[in-house]
Amino acid sequence: MSGLVVEGVTVKAGERSILDGAGFTAPAGAVTGLIGPNGAGKSTLIGAVMGLRRLLGGTIAFDDASLPTMPPAERARLCAHVEQFATTTERLTVGDVVGLGRVPFQSAWQTAPSAHDEAVVTSALAAMGMSAFAGRLYHLLSGGEQQRVQIARALAQEPRLLLLDEPTSHLDIRAQLLVLDVLRQQAQAGCSVVLAMHDLNLAARYCDHLVALNAGKVVAEGRPADVLDPDLLLRVYGVAATIVQVPGKPYPLVIYDSAPNSD
Amino acid sequence: MTPRPVYVMAYAGLWALLLASAAVAMTLGPAHISVGEVWGTLLHHLGLLADSPVSRLRDAIVWELRLPRVLAALGVGAGLALAGTVMQVLTRNPLADPYLLGLSSGAAFGAVVFLLAGAALLMPLGAFLGSLAALGLALAIARLLGGATPSRAILAGICIAALASAGTSLLIFWSATGDSYREILSWLIGSLSGSNWSDVLLVGLGLVLCAPIILLSGRGLDAFAFGDAAAASLGIDIVRLRWTLLAATALLTGVMVAVGGAIGFVGLVVPHAVRLAVGSRHRVLLPMSMLVGAVFMLWTDTAARSLFDPRELPVGIVTALVGAPVFLLILLRYRRVT
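Taken in order, these protein sequences are the chains called H and L. Per the working numbering, the first sequence starts with residue 1, numbered consecutively. Per the working numbering, the second sequence starts with residue 1, numbered consecutively.
Derived by calculation from the structure, the hints in this document are not laboratory data.
Among the chain H residues that face chain L by a calculated CB cut under 10 Å, a handful are: (1) P71; (2) P72; (3) V103; (4) S107.
By construction, the Cβ of each residue, glycine as well, lies at the ideal position given by its N, Cα and C atoms.
Work out the full structure, taking the sequences as your base and the hints as a guide.
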């Protein structure tokens with residue numbers, strides 16, 4: 001099928017399993033949300049898809065091509081990754097950082113970006129509303145601004161698979177909505193978008209497909225309205241919640257009631 | 001695809017500065033030789049001028065003494081600046097430099113071991129092995145301390161440098177000849193005095209071998225800005241790139257030390273100054289650092305041999321006088337990450 005298909009992925013850190021036979025699909029043209037508590041394995045799963053983790057088992061395929069065995073440069077032309085934190089001691093402007101997204105497309109002999117590279121960088125900056133920042137130094141920006149620059153860098157890779165690890169964690173609410181809108185547009189253009197997120201209401205609002213992780217296993221997968229139910233939230237997050245349907249809105253709303261003692 | 005005009009101008013300016021500096025530096029020294037005489041001698045030796053315009057003695061001063069020295073200084077400066085730039089990226093450590101991480105001291109020790117063992121011809125190999133061992137040791141110690149943070153790498157470097165320098169001094173004392181103090185100084189502090197054409201050949205070979213590998217890795221080094229994972233997700237084979245470049249850096253340092261001893265701070269000061277001016281895009285930073293390093297080394301060496309004429313300072317003293325305050329400034333600037 002077209003899109004990302006992950007099956008039975010197992011990753012260990014020492015003796016401890018971080019991912020234990022995890023599998024899910026992220027269809028092309030859809031936004032897929034990875035949800036689950038801290039330490040559930042969301043970041044590791046994203047890292048595994050990007051080839052940053054050694055798999056002890058399982059397969060990862062994008063459009064039927066195996067990602068783990070793909071040459072790194074070819075993989076980088078297909079998928080882009082936005083990490084949770086990205087800091088540097090280098091002296092780079094915002095334009096330089098977004099320009100890094102063109103690295104997979106450039107040859108070693110190339111001394112400067114091509115006209116096409118520059119055009120892609122310009123439009124990626126514009127998409128994230130960061131055009132005015134192009135000449136500013138990256139390391140002097142706020143965390144939220146840096147996050148938006150990193151997303152712009154990922155867009156500059158013109159990816160067909162876009163993986164983001166909590167891309168909105170440092171953003172104010174307006175910026176969160178703007179970023180999620182951009183990701184939806186990417187999906188509409190045919191990209192498979194996968195993002196780890198903590199805000200279940202934003203997940204319900206923006207994702208077409210949700211994957212719930214707990215202790216390295218996928219415990220639920222499907223449409224947000226199907227995945228988000230009080231039982232699952234209690235089991236996975238240890239939170240008692242009410243799910244309500246707001247009249248006139250197509251997506252459910254989660255109301256958190258309490259965090260009952262587990263023992 | 002075409003480089004921006006501002007960089008074309010900067011490159012042209014730096015090359016012009018380099019050539020002009022070389023021409024002027026060759027006129028400076030105890031014997032007064034004019035720029036015209038220098039050019040005449042060079043043209044004569046290149047076969048473009050039938051008769052040498054100067055006496056045989058002055059011809060020899062230009063061709064056998066000053067020109068090799070100037071070329072050695074240019075090459076060593078370019079090599080050390082290049083090595084420093086690469087180490088700063090690969091270790092994500094703004095303080096990394098072949099001297100501070102102990103590579104230069106290790107190389108000097110290796111060179112002296114081979115020299116005293118009677119294998120003078122293999123001395124560059126000894127220097128390479130010494131710098132490689134020092135690099136391995138620095139990385140191992142930093143890992144032992146729990147990860148290669150900037151301050152740990154520097155501490156490891158201090159330890160290695162102290163050990164290797166003591167070893168070098170001990171070896172030279174052991175085989176003491178009349179001039180051993182001078183010899184110890186030139187290995188430990190770095191000096192280009194007495195550079196000849198075979199030194200120039202060695203430096204040239206080192207640069208021809210290592211510089212292209214490093215210069216063509218600019219794209220990969222850029223991708224390292226946000227760490228290993230980010231570089232890998234940009235399609236860089238980080239393990240291969242890192243080991244290739246560390247080996248090239250160790251070789252480059254070994255060659256430079258075999259010729260000039262452990263000259264400090266060039267690899268630290270030059271990349272930082274250039275980075276301030278042009279930023280961290282390595283496809284610009286690497287070649288510019290080489291050019292600036294060459295000019296910097298040429299002038300510090302010229303100062304070292306002519307400021308206190310007729311006495312000559314080891315050039316390492318001059319680079320340290322310039323470099324130590326800059327090192328302090330960088331420390332203050334990056335105190336958060338150390």
